[in-house]
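> Sequence:
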Amino acid sequence: MPMPRAAEKLLIVESPAKAKTIAKYLNHEYRVLASVGHIRDLPKSDRNAIDIAGGFVPHYEIVKGKESVVENLRQAAKKVKEIVLATDPDREGEAIAWHIAETIGSPTSHFRLPTSKVKRIVFHEITKEAIKEALARARTIDDNLRRAQEARRVLDRLFGYDLSGLIWQKLRYGLSAGRVQSPALRLLVEREKAIRAFHPQPYWVITAEFKTVKGKIITFTATVEPNTEAAAEKIVQAGRASSWRTATVQETKISRRPRPPFTTSTLQQAASSRLGFSPALTMRQAQRLYEAGQITYMRTDSTNLNAAAAAAMTALARELFGPTHAAAPRVYKTTSKAAQEAHEAIRPTDIRQTKAGSAGGEKKLYELIWRRALTSQMADAEVIQTKIVAGASDETVPSFAAHGQRLTFDGWLAADPAARSEEIELPKVDEGESLALQKITSERKETAPPNHYTEAGLIKELEKRGIGRPSTYASIIKTILDRGYVKKINRALQPTETGEVVSDFLTAHFRDYISDSFTAKMEDELDEIAAGQLEYVKSLKHFYGPFHQAVLAKKTLPKINNLGEGPPEMRCPICNNEMVWKLGRAGKFLSCARFPECAGARNTTGEATTGPKETGEKCPECADGKLVERDGRFGRFIACSNYPKCKYVKRDTNSQAQTNDTKVKCPICNVGSMIEKRGRYGMFYSCSNYPACKNAIKARPTGDLCPQCGALMMAGTKTIPDRCSDKTCPNHQPHKSPR
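Residue numbering for the sequence shown follows numbering that gives the first Met the number 0, beginning at 0 and increasing consecutively.
Bear in mind the hints are in silico, worked out from the structure with no lab data behind them. Virtual Cβ for every residue (Gly too), placed ideally from N, Cα, C. Some clues are possibly wrong.
As the list claims (entries may be wrong) - Ranges between beta-carbon positions, derived for each pair:
| # | residue 1 | residue 2 | range |
| --- | --- | --- | --- |
| 1 | Pro566 | Thr661 | 26 to 34 Å |
| 2 | Lys554 | Tyr331 | 17 to 25 Å |
| 3 | Asp50 | Leu551 | 18 to 26 Å |
As the list claims (entries may be wrong) - Using 30 Å as the maximum straight-line C-alpha spacing, the simulated DSS-like pairs for lysine-lysine come out as follows:
| # | residue 1 | residue 2 |
| --- | --- | --- |
| 4 | Lys463 | Lys332 |
| 5 | Lys427 | Lys215 |
| 6 | Lys65 | Lys477 |
| 7 | Lys486 | Lys676 |
| 8 | Lys43 | Lys169 |
| 9 | Lys43 | Lys65 |
| 10 | Lys363 | Lys459 |
| 11 | Lys581 | Lys477 |
| 12 | Lys625 | Lys644 |
| 13 | Lys587 | Lys625 |
| 14 | Lys118 | Lys8 |
Take the sequences, apply the hints, and build the full model.
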């Protein structure tokens, strides 16, 4: 049997998973290899990273650990007649393709890669047809797209390094700023301050239950909300003494149109609200689905669908739900003013594949994408909205109203029942019909402050203001969380004390550079570079000259040693002197105003803290360091006195476990107790008897057991009551259970 011929062409993608999928669609003519992401980047050190005087020329280096990948690509490139670069169809993909071409043909490898040997292809789905079509439309690397990505990378480096260096000098070592992260942080801090400044006002909601002539009970609400209890009680008493009848009955037919197929932003928002996924998790799962050939490219601003895909969705809707549920092909207008590339919305590559994904998260996300794509080509749902107004015989009593709706035709909701409205259906009544009052009550409430942003809400706001692009939303949120500037409590994003101090400093001294208008303008300029309408050097010069001067002008600012006077009742625990707010690694704290003469300190709750205490031990990692006990964000810990030059921290597993112990006994092994731990996805609670017992839950245990299955109950939230920790138990999501 003859041996198969060696491949004459080399096709390079970013990921091994993508390479494996594409290889299935190509014959032995191509060898498919992966660069495993970026192979070159700016050095971590700022020294010589960018030649500003020479025209903002970046100095790239092979990413540490990628040397063998690069060498493998170089050797493979020497043996073939043609090299096809099939990286992702966006600016970052174009930049990766350019880096690969530049690197594997580098003169230092004693091999110059001929330009005629390199081809670039793009596709928005990994299917056999899409790959074949892309190969037939091969082109050269788009230098405008590549330059736009390079401009973003250089811009972010210049912004971050200049501002971060200043913040280190004026606030505290180790803090940082970012071109798009800092405006996002500013939004969160502004919302936090609005919540703090909010003064709730009382009001009374008055409800009444009436029985219709046909014996149906309807709950009505007063159309006015008194701001005093006396006024509310006056209405209640007058209502009880009155006779009632329906004043008006309004029925309005409305059509609920399906929503467009997903863009990156709307997918992240829907996955957050429906599945509880973080934006970063959503993008990881979507990346895997894309690389497996199951969905189209997941970084997009577009709501377009190609004609064949739309027709297939219409046909499937007709088969599954009947001809009345299928709509004529719908075309959705892309609302984003800054759509980068004119490719498609996110959709399944084969709409008839109702399930896909190799893991639970992937399967859930695929189903979400499948339903959204299918419903986008289905008929409108038809709804009758009803408003019934009840009037009292006493004309001093305000009218009461009941709102509801009934679904007359489900349309696209047949494929997405989770999108149905929760409004109740009201019984049929006639105008002038008498109503029998069953009860009337008032309830005191207070006006509520603005809500904290959730991840979904922040993404929506960033998109609305033109801050960042679809591919950056997940990294923006991850960065401010990782830096400790923001914490996520349940689903709410709340700035930490450190984040607030950094944001206040930037707002006070660099307001123009973290404003919506500046950030959006820079994104527009990057779009213009991508379109070939603006020169790379001209754009960066226009930004960096004034920006660098603004940073230099602030070098004369005094170091911010305190953040304001402390509460007068909080006195130094050592000398009873006044105290001032300062910023430490664990956030804000109160320090004696006489520091360093006096080292008295208190935490934000007023509890006295002590300074570093020597333990008498030498640091095992540096020559002259001593181990000292300090106060940290999570309590006392022992570390090297030479921090930050030496970052040694002594681990004390038993002490840490005692600090985080919830004292709730593990019901699985009946030996250990549930302790709080921090993992890559945040806080969780697991048995102290690990690894013998691997019981773990995602929220704090209450100490109670589930009445249905006996598993531990977890603490609830404002909207979700205490719930069972067992995902298979109906009591795991009691708020979604039918009442």
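> For every hint, state whether the structure bears it out.
Checked hints:
1. Pro566 x Thr661: 26 to 34 Å: holds, 32 Å
2. Lys554 x Tyr331: 17 to 25 Å: violated, 51 Å
3. Asp50 x Leu551: 18 to 26 Å: For Leu551 against Asp50, whose Cβ atoms are near 19 Å apart, the range 18 to 26 Å holds.
4. Lys463 x Lys332: It holds: about 16 Å lies between the C-alpha atoms, which stays within 30 Å.
5. Lys427 x Lys215: holds, 9 Å
6. Lys65 x Lys477: Cα-Cα ~24 Å, so holds.
7. Lys486 x Lys676: Given that 30 Å is the threshold and the Cα spacing comes to 15 Å, the pair holds.
8. Lys43 x Lys169: holds, 22 Å
9. Lys43 x Lys65: holds, 15 Å
10. Lys363 x Lys459: Cα-Cα ~22 Å, so holds.
11. Lys581 x Lys477: Between Lys581 and Lys477 the Cα gap is close to 26 Å, so the pair holds against 30 Å.
12. Lys625 x Lys644: holds, 13 Å
13. Lys587 x Lys625: Roughly 26 Å between the alpha carbons, so the hint for Lys587 and Lys625 holds.
14. Lys118 x Lys8: holds, 11 Å
Taken one by one, the earlier hints fail for this structure only at number 2.
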